[in-house]
Structure formats: structure tokens, C-alpha cells
Amino acid sequence: MNAWLAVILIVLLALFGAPLFSIIATFALYGFSSSGTDASAVIIELYRIADSAALVAIPLFTFAGYMLAESKSPQRLVALARALVGSFPGGISFVVLGVCAFFTAFTGASGVTIVALGGIVLPMLVQQKYPERFSVGLVTASGSIGLLFPPSLPIILYGLIASVSIDQLFVAGALPGLVLVGILTVYGIRVSYTAKVPRVPFVWSELWSAIRASAWELPLPVIIIGGIYGGAFTAIEAAAITAFYVFIVEVFVYRDLHLTRDIPRVMRESMVLVGAILAILGVALGLTNYLIDEEVPQHLFELVKDHIDSPITFLLILNGFLIIVGMMMDIFSAIIVVVPLILPIAREFGIDPVHLGIIFLTNLEIGYLTPPVGLNLFLASLRFEKPVFEVVRSVVVFIALELVALAVITYVPDLSLWLVRALGTQ
Amino acid sequence: AQQYTVKFATVAPEGSSWMKIMREYDDAVRKESGGRMRFKVYPGGVQGKEQDVLRKIAIGQLQSGGFTGVGLGEIAPSVRILDAPFLFRSHDEVDRILTVFTGEFEKAYEANGYVLLGWAEVGFVHVFTNVEVKTPNDLSKLKMWTWEGDPIAGAAFKSLNMRPIPLTLENVLTSLQTGLLDAFYTSPYAALVLQWYTKAKYMVDVPIANAAGAVVVSKKYFDTLPKDLQDILVRNGRTYFRKLTETSRRENEDAVAEFKRRGITVIRTKEGDLKVYQDAGVSARKQLTGSMFTADLLQRVERELEQFRMSQKGGS
Amino acid sequence: MKVLLAVDRALSRVEGWILIALLSVMVLLSFVQVVLRNVFHEGIIWADILLRHIVLWIGFLGAAIATSEDRHISIDAFARFLPDRVRHAASAITHLFAAAVCGILAHASLTFIHNDLASGSEFLPGIPAWYSEIIIPVGFVLLALHFVIRACVKVAAAAGRGTA
Ligand code: NA
Ligand code: NA
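Chains as they are written, first to last, in the working numbering: chain A, 1 to 426; chain B, 1001 to 1316; chain C, 2001 to 2164.
Hints are computed from structural coordinates only; laboratory data are not their basis. Don't take every hint at face value.
[Stated by the list, open to error] In silico PhoX-like pairs for lysine-lysine, Cα to Cα no more than 25 Å straight-line:
id: 1; chain 1: B; residue 1: Lys1260; chain 2: B; residue 2: Lys1134
id: 2; chain 1: A; residue 1: Lys305; chain 2: B; residue 2: Lys1260
id: 3; chain 1: B; residue 1: Lys1201; chain 2: B; residue 2: Lys1270
id: 4; chain 1: A; residue 1: Lys305; chain 2: B; residue 2: Lys1134
id: 5; chain 1: B; residue 1: Lys1134; chain 2: B; residue 2: Lys1158
id: 6; chain 1: B; residue 1: Lys1020; chain 2: B; residue 2: Lys1134
[Said to hold, decoys possible] Now the stretches of chain C that chain A is said to cover, found in silico as 3 or more residues with beta-carbon under 8 Å:
id: 7; region: 2014–2021
id: 8; region: 2029–2041
id: 9; region: 2096–2107
As the structure is a prediction and not an experimental result, all values here were calculated from the model. A virtual CB, placed ideally from N, CA and C, is assigned to each residue, including glycine.
Generate coordinates for the entire structure from the input sequences, incorporating the hints supplied.
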């Protein structure tokens, strides 16, 4: 069959509502079969799901998230956040931003953040009268920021591939990360004014009673943050503790959830979501492998390479190129395949490899938010039970803001490099 | 002329000397075959870990790969004798065993569908720590990493009374940073490239093992090649991967020199303590017998080494 | 139609209970592992590997239920503007398409398992890899089955009988 006809047919099926995973699988199967490779190549890649330590965190965190969402915990946490930061404009949106960024820094995947935390933080925002579109957009977008903070796995991988000091990269990511946080915070403040998000005066006694009400849930961030940074356990262990702890607290301490009436239902519901996500992830691994096998990123890069004649055009083309790569490939494959392609050219134009790393990750993250096929859009659509189209609408503003930040990060190298020099990080 | 493309995967990253020599090999093959044959190389583990690469070779998506002991053991378990704990004490000993036993290993590979293109060892694997270990007994206090699913390190550590923490490769650096681990094991060059050395203060001089490595090609594919191309592939493979082995050995030595410059102390094991490691080696190898290599093979390798050591002593 | 729907419900009920059992094992095992590792400085050697394979199983069973509940992620940019009957017909076609894709993937996974059997791979020492891998073809067959039943429901709806 004519290749274009096949592609059009598949796209039509997609537009008429065929499950996304079946569409991705079809592209992968079609690609492999046209290059004469056995269809089981897709399964070899899909089976790598059973090989990824990081993925173990997904069911555990999702289950914990669903339990929290189904209990009265959101009300308790909202009351607490309100008492704590409700007097500041944009206070809660800032808290959400921080929590999501932090979480991504550990899981290394902004998609996981959306799935695991989305169900808890979205109600927080909506209950505080933030517009729903803003809230969905914020949660979908804010996971990305964490990639620039330690101990983000993508940064470590970039350091290894580019032979750049990982410690330098962690230092270099700090200010650009803060710029991203800053821009989104300012936008959050603006929205809190335009949407007339009610502000509550700060009252010690209210804070105290909110703390007492959520006393059993408060150790959670301490366990997760303190435990991992303190060296007690890994991110996956943190997921295990969180799931177990939340189960005990919600079932036996607060008794918000009933062991036999609620828990099986919550388990089933949360794992159906995990199943829908893994179906997409599994076949997406297959498609990525087809692209790698056919050296598609390399060919794509060859196409644009000749148009590069100055550092400025290089950076511009790089931005566009990486956003497309981010749309198509998972972050780890993208780093392994693309970094060796662009590193020599970046060196030619005198771009510091540390700076390049920060540009690289920021670009990729925007790629995951970019319609029509940015993966995080679909994950958000699943998690928030909203049509993809609506998620896209709510994310557009955030893409624009992140592009502004990207421009600053790209064209002001000192933002990434100043702190590295100042601290003399080796 | 027919075009033969050998799709090849390795975990070695682009830019490493591993890849540089692989490219030289590719150039030589292209030149000598008059452009009829070439490699298409997938570095950096983009085609997955070693077991995935083997699966892809089995379905013909790839034809060739560079493997460490983990992958080689999947093809022919007996080859893992080369990774046995505390077996070798010098490069000469390694070379001696390869000279004597390569024919036997080649047969084992071929029986399982692979043709050996060349050995390319990772090199001697050392323990690195944050805390000083004065004697082998101090090792048991370490929060030592072990690569999950690495039975050889498992056996070595067990026989040294250590209880290591199994973690995946990508968790090591973070865990060293946070203090979940305070010790790890790898070759000096890998410790340098992976930047793990930045979290270490000491390196134990006695290597726990010599990590093997080899490049193989699917026999099914190899058999379809014209005789002259087969010859070009194997002959150049032997030459270039020998060069790679020698380069790796030099790089490991350079890495140790670099560590010393950066203030990492190499812990010299005392004469009496050496015996502790050797005994641990004997007991670890006994544990691994049966599941990896036969008692017979172990015995023959050990006997060969004994004889080699005697001849070395006699000669000097 | 009633029979088909009953089959669908019965299947997803069984899938649901296995799913719940697997998640329970996962929560307990992962927690016990953390306690052993941090308090007793020990660890169950096979626990982490087993946990990762449970993720694979959970993925397939969850996806199977997602199919019977129409909860897979999809883009309905066109479909929502169509009249009901046409929409049901289109939906029947996309469901059959998805079923066919799952059928092909199920077949491909049999090849995969067959090759792994030949190479004798194990997922834990002494336990052959296919013990875990079997969920891949089984999972895809379950998905295909649910998709076919959903397609039948849509066909009935397009023909004006029953509700979908
Ligand atoms: Na892994
Ligand atoms: Na991501």
C-alpha cells in the first residue's frame, strides 16, 4: 500500500476516536514491517516496562494519590494550605508548583508527576476558586520544571553522555529552574487577582487547628523529602512507604476509607488508570525504537544542519528540533540519541556544554507539552478525565510562558553559568 | 556488489575510546571489503540493555553486539568463568587463559548461535569507598552497592561477609550522594566516566574480579556472508578488539593516576590480608560452580593459572 | 447481546480481583523490602525484580478493564460532531481496528515468548521468563476480546437497538 495513504488512514482512525495506544502501535508495527523487521520488535521494547525500576513508583504513587483524593484529605490539606499561604496572592498555586517541581526532580519524568499528584493538587486549586482551565494547565505544565533540579535523572544522563560534570549541571540548573518557577508564580499571582481568588487573613489559631486536623498526613512530605535527601531511601522506596502509610492512615486512623467497601474500589479505579497509561507507554517504547533503528533523529538533523551558520540560528533551530524530538521520543532515548549529534556543533559555536544541557532539557520538556502529540497532554487528559482538546487549550498559555523562559535561558548563558563559576564547582 | 550492513549495538557511549576503535574497525571492514560491507552502530545503550540486544539479534533486527559478562553469560554461561571473583591477579594471567581457552569458548558461542569477533574486556573491578577500610574485615561495615542480578559480585561479597544493597545502575550516583550507599565496585575507567569517583575517597588495590567483554555476531547472519567477508570481519575483529583491550587497560591505569591526583587514596592490602581475599575467592567460586561454569572447567582454569604462576616465578 | 455483555462483565470482574490482589502484594512487598533494607540492612534479593514484573501484569489487566469501560485515551475531535448513529458506527469501526491491532500484538508476543524459551532466559534464578511474559499475549487477547464486544455493542447501537 502507498505509505501516505496508510498514514492518512491511520490518522483518520485516530481522529474518529481509535484508542491512542492502538494508533501508536500501528505506526510502530507498520514501520518495522516496512523495514523488514519482525513485529516482535515492538514486544521486546514493551517488555522493557518490566525492567524499569522507576516505573514501580507509578502504581504505588497513583494508588496513594487515589486514596488521598477519595478521603477527606484534600479538604484537610486545602485548609492547611489556606491557613499557611492563603494570605498571599497566588499562594496555593505557588505551593502546587513547588510540590510538582520537587516531585519531578525525583521521578525524572514529568508525566509521572501528573498522574501521581494530579488528583490531589487539582482539587486544591479548584476548591480555592482558581479557574479550572488555569488549574489543569498549571498541573500539566509544572512537572517539567523539576527536571532542572537535583537529583533529576535526565540531568545525570545528559552529564554522562556529554561528559560534563553532573555537579556543575545541578548548580547550572538552579537559576534557570528558578526563572521558570518565577515566571509561572507571577502568572499564578496574576490569575489569582483576575479570578478574584479569595484571600484569607493569616490567623495563628486557624493554622494550628489545620495542622492538628492533618497531623497524620503532614509527615508525608517529611518522609518523602527528608527521606530521600537525607539518604534514608530511594524515590521508589519513598513510593512504597507513601502507599503503605497512606493506606494505614486513611483506613485505620482517619477511617475515611473502609477496608472492604472502599479500598478494593479505589485499587481497581487507580490501576485502570495505570493500565491505560502503561498501554500507551509500552507501545510508545516500540515506536521510539523504530525511530532510533531507522536513525530518524539523525536524518531530521541532517536536514536542518546545512542551515546553521551562526550561534543564533543554531540555537533557534535547536529549539525547534528539540521540541519536535520531545514530542516524539521519551526523554532518556532523546538524550542518548540527540546529544552526540548536537554536541560537536555546539562546541564549534562556542556554546558551553553545561549551558547546552540546560537548554536541552528545557526544550524537551516543552516538547512533552506540545500539541498534537506531546505525551503529557494525553496523560493529563487521562488523569483529569478531560478531552485532550481541553487540556491543550489550558496548556497553551503555559507553553507560551515556558517559551519566554526558554528564550531567556537560551540567550543568556550567564543565567546557567554564573553560579557555576561563582561557586567554582568542579 | 552486494551491500552487507551489520547492525551493531553496545552500551558504550558515543565519544568513548570503545566507540572510536569500533569506528576504526568499521572503516577497516569497509575498506577491505571494497565497500561491500559496513557497520551501522547504535551506541549508548539506545537499543536496550544486553539482554534486549540479544533478543533483537535473535529476530534479526540487529546482527551484532558488544557485551560484558552479563550478556555473554546469556549466550554461553561457561564464559563467566572469566568474571570469577579473585581469579586473576594480572593482565598476563588473563591473556594466558584467553590464549589457552578461546577455542573452547568459541565452540560454546557457536553452539548457541554466535561467532566471536574479539575479546574486549572492561578490566579489573575495584571496590571504592567513602570510609577507610584498613583490613578486609572492615568491608563488612560498608553500605555496599551491588548491581541487581549480578550473581558474581553477590557471591564475592557474601564470601567477604558483606550484605550489599541491590540497586539498578542509574540509582548509584544519587544514592552515593544521599548516603544510601558508601561504597561501590567498578573498573577505574568506568568510575571516572560515570563520575562515581567524585563520591569516593578510597580505592582498594586488590581487584575483586576482571570484568570480561566480547563482541559477537549472529552465526545465522555470519553464515550467509561470502567467505572473504567472513574472513575480513573476524581478522579485523581480532586486531581491533585486541587494540581496544590494550587501550582499556591503559585507560584504567590512567584513571587510577587521575584519582591519586584528585586525592583518592589507594588502600594497599597487606601481605597477610591478601590471603583473606584469595580464600574468599575460593569460596565464592565454589558457590558459583554449577550455575555458571562446571567444576571441571574451573579446575582446568585454576590449574593452568597455577602452572603459569610457577613458570613466571621460575623465569624471574 | 446480553450474553456478550455478561461475558464482558464477568471477565472484567475477574480481571479486577486479580488486579486488586496484585496491587496488594505490591504494596506489602515493597514496604517489607524498605523495612528490611533500612532497619535490618537486609533485602529480599528477588523482591525488586518481582515488583517490576507485577507492574507489567497490572498494566495489562488495568488496560483490559479500561477497554471494557471505554476509558482508553483517544482523540474524539471528529466523532463528537457526528450524529449519534454515525458516531456509533464509526466507534464500532475504531473498536474493531483496535481489536485487530491487539490481535497482531498478541501474535507478535507469542513469537517473543517462543524466542525467549529457545534462549532459556529466566526472570528470577530458576524461574523461566515466560512465567511472567505470558501476560503479554494473554493481556492482548483480553484487550482484543473486550474491543470486539464493545464493537458489537456499538453496532447494535448504530442499528438503533440497545444503548451504548
Ligand atoms: Na534497569
Ligand atoms: Na516526561
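Earlier hints that do not hold, by number: Hints 2, 4, 6 not satisfied by this model.
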